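Heads up: the protein sequence lines correspond to chains A and B, in order. With the first letter of the first sequence counted as 1, position 6 gets the number 6 in my numbering; the numbers rise by one all the way through. With the first letter of the second sequence counted as 1, position 84 gets the number 84 in my numbering; the numbers rise by one all the way through.
It is worth saying that the hints were derived from the structure and are not from the lab. In this text, all values refer to a predicted model and were calculated from it rather than measured experimentally. Check the hints yourself; a few may be wrong.
[Unchecked claim] Derived lysine to any residue pairs resembling SDA-like cross-links, with alpha carbons at most 25 Å apart:
#1 B:K83 x A:T31
#2 A:K179 x A:K74
#3 B:K56 x A:I79
#4 A:K74 x A:F59
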Amino acid sequence: MATAALETHDTHGAHPPTSTGLNSTKVAIWTFIGSECFFFASLISTYLIYRGRSVVGPFPHEAWTDPATGHVFKAILNIPVTSVSTFVLLMSSLAMVLAHSAVVRGDRKSSKIWLASTAILGATFLGFQAYEFTSFVHEGLTIHTNLFGSSFFILTGFHGAHVTAGVIWLLTLLFIDMKRGLEPRDAINVDVCALYWHFVDVVWIAIFTLVYLIK
Amino acid sequence: MAADHSHSMLAHDAEGNASPEEHTHPDWKTYRWVALILTLLTGLEVYIYYLPSFVKTKMFVPTLLVLSAIKFAIVVLFYMHLKYDAKLFRALFGGPLTLAAFTIVGLLFLFGHLAIHF
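Build the full structure now, drawing on both the sequences and the hints.
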């Protein structure tokens, strides 16, 4: 395989040969994504372990009356809003693959449009998350309130931080595209960003089901 | 769902991918179908959530988990093009993912959320 790889590189001269015959940047991003699996698994398992063990409300799916004050707290999760934000994140993944495809084709106009679309959709998702967090705090759920609040804000907050990093990465690529134009030889840079973005998307797929939908 | 091989060869060269096994990417038609399927599955998940009669059954949680797993697999296989990519990448992702899944299940057993009744 290594010989074949060397021959391929001699022909194209695009990338220095590697012992695996694979692009080192892609190996690195896949290794990083593998490590991120453990990171999110620890957060998800913490959430699941503490699930249903909060002594005081508000609770995610059922109303709760504070025995001290008699105040009634409604179920905290807003499924319609989160469903829309989930749809937005899924569509951002579609925009991302189209951006990568445009860069590979050398279609500069489309690459700018789809990179900007992906960044905007990612920012929209973050806007939904900011709205959700703010409304939860107004309804009486903070990171200190109960076990649900602590594990929920940590899990979704870290996911939001990853989305934020992804949006910054996308805006950097868009800036480069507008400055000098992304050429087909730059496709690997967009591909690596796309892999990270899709991973953030699949993590949300798991969170949406485990945290929001399963009662 | 076909892969666009002319496009993929361009991607291969442009990305400096040396191995013959690391090359193909799906085409626009495939991406469109994937987006449609993901949207429908998400809609189905939310629809199930609002069915009180179904929520009460033992099938509710397994159904949601299966739908979520299908969505997860579709994104990984097609958008992250792992279906068409090198075996090493599958190992780099699949290995940690499997271990992470076992860790979650193991912890749930340890903390009494899952139980085996003999």
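(request) Could you tell me which of the numbered hints above are not met by this structure, giving the numbers in increasing order? (result) Going through the list in order, the structure violates hint 2 alone and respects the others.
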